[in-house]
Amino acid sequence: MSIDIDHFENEDEEISLSPLIDCVFLLLIYFLVATMFKKDDKDINIDLPISTSALEMAPDDDTIMIGINKNGDIFHEGIQTDLNELKYAMRQFSIEQPNISFRLDCDQAAPFYRVVEVLDMCQFMGFKDIGIRTYDEQYNR
Amino acid sequence: MLKKMEKQIPIILPDITSKLADDPDEQIHIIGLSEDGRYLANSGQKNWQGEDLYYPISNFSEYLKNLPLGNFKAKNLPIRIDADRRIPIQKVIDTLDICAIQGFENIQLHLLRDIYAPVQRQLRNERGY
Chain A
1 MSIDIDHFEN
11 EDEEISLSPL
21 IDCVFLLLIY
31 FLVATMFKKD
41 DKDINIDLPI
51 STSALEMAPD
61 DDTIMIGINK
71 NGDIFHEGIQ
81 TDLNELKYAM
91 RQFSIEQPNI
101 SFRLDCDQAA
111 PFYRVVEVLD
121 MCQFMGFKDI
131 GIRTYDEQYN
141 R
Chain B
142 MLKKMEKQIP
152 IILPDITSKL
162 ADDPDEQIHI
172 IGLSEDGRYL
182 ANSGQKNWQG
192 EDLYYPISNF
202 SEYLKNLPLG
212 NFKAKNLPIR
222 IDADRRIPIQ
232 KVIDTLDICA
242 IQGFENIQLH
252 LLRDIYAPVQ
262 RQLRNERGY
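Chains A and B, in that order, give the protein sequences. The first sequence begins at 1 in this note's numbering and counts up one residue at a time. The second sequence begins at 142 in this note's numbering and counts up one residue at a time.
Extracted from the complex, chain A is given alone in its bound form (with noise of 0.2 Å):
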């Protein structure tokens, strides 16, 4: 008695491409949303100030933003605050987050003063990172 085997029976069998294909825009629409999950702009109504020896920096997402717009008032990320607010919030990121940065967006008019006291508060709460945002033509391309 002799079994036949045919070793030539499955030539013709391949790897799918279907899952693997499936695999790839899965992962694709996955990171598609991921990048789009942006922290909310919030924005405010200024114009930067303009320098031409500001220094070009790379922005960080933990950054904490601070706006003074040409009256003079203060947000905080966005929202409109005043300094007994900031002071509140300064000390929490104080504890909580000692060696956190600080970016100062202002209006080209905004007062000095207003500018100097949220500096010293900054200073008052051992905050070193601190800088000015300045208006940079490349940035809206």
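Treat the hints loosely; a few may be bogus.
Derived lysine-lysine pairs resembling BS3-like cross-links, with alpha carbons at most 25 Å apart [said to hold, decoys possible]:
1. B:LYS206 x B:LYS216
2. A:LYS128 x B:LYS216
3. A:LYS70 x A:LYS42
4. A:LYS42 x A:LYS87
5. A:LYS87 x A:LYS70
6. B:LYS145 x A:LYS42
7. A:LYS128 x B:LYS206
8. A:LYS87 x A:LYS128
It should be emphasised that the hints constitute simulated quantities derived from the structure, not laboratory data.
Model the placement of chain B on the given structure of chain A, informed by the hints.
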């Protein structure tokens, strides 16, 4: 996604000390900045109320170029800018830019109220109105 770079002026804040005021620095050069954006040089004199007296600088860049450096290199000479508290931040940044262009990097900022008022008062007294 690639992040865009931002332009910033980094600020170095002085350390907190228990002193109420800094020790006077004889070497520091004081420049005033009035509310209307006028550059003022400290005359080194005080009026009867003890207020510093300033005189206007016509060309700030030229003034910096001709500043006596003494033993300092330009970038090390400490310059203190006494700015009026109501002046727009843009004017202060312009001043820092001019200082940077002229090679001065050791700049301190002070806040004053009505910096030019004593000079104006003195001028009014001299002119009799």
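Verification of the supplied hints:
Taken as a hint, the B:LYS206 and B:LYS216 pair is honoured in the structure, with Cα atoms around 12 Å apart against an allowance of 25 Å. Of the pairs offered as hints, the one joining A:LYS128 and B:LYS216 holds, with about 23 Å between alpha carbons and a cut-off of 25 Å not exceeded. About 17 Å separates the Cα atoms of A:LYS70 and A:LYS42, which keeps this hinted pair within 25 Å; it holds. A distance of roughly 20 Å separates the Cα atoms of A:LYS42 and A:LYS87; the hinted pair therefore holds under the 25 Å criterion.
This hinted pair checks out: A:LYS87 and A:LYS70 have alpha carbons roughly 21 Å apart, not beyond 25 Å. The suggested pairing of B:LYS145 with A:LYS42 holds, with an alpha-carbon distance near 18 Å, which does not exceed 25 Å. For the proposed pair A:LYS128 and B:LYS206, the alpha carbon gap of about 32 Å is over 25 Å, so the pair is violated. Restraint check: the Cα-Cα separation between A:LYS87 and A:LYS128 comes to about 16 Å, which is no more than 25 Å; the hinted pair holds.
Hint 7 from the earlier list is the only one contradicted by this structure; the remaining hints agree with it.
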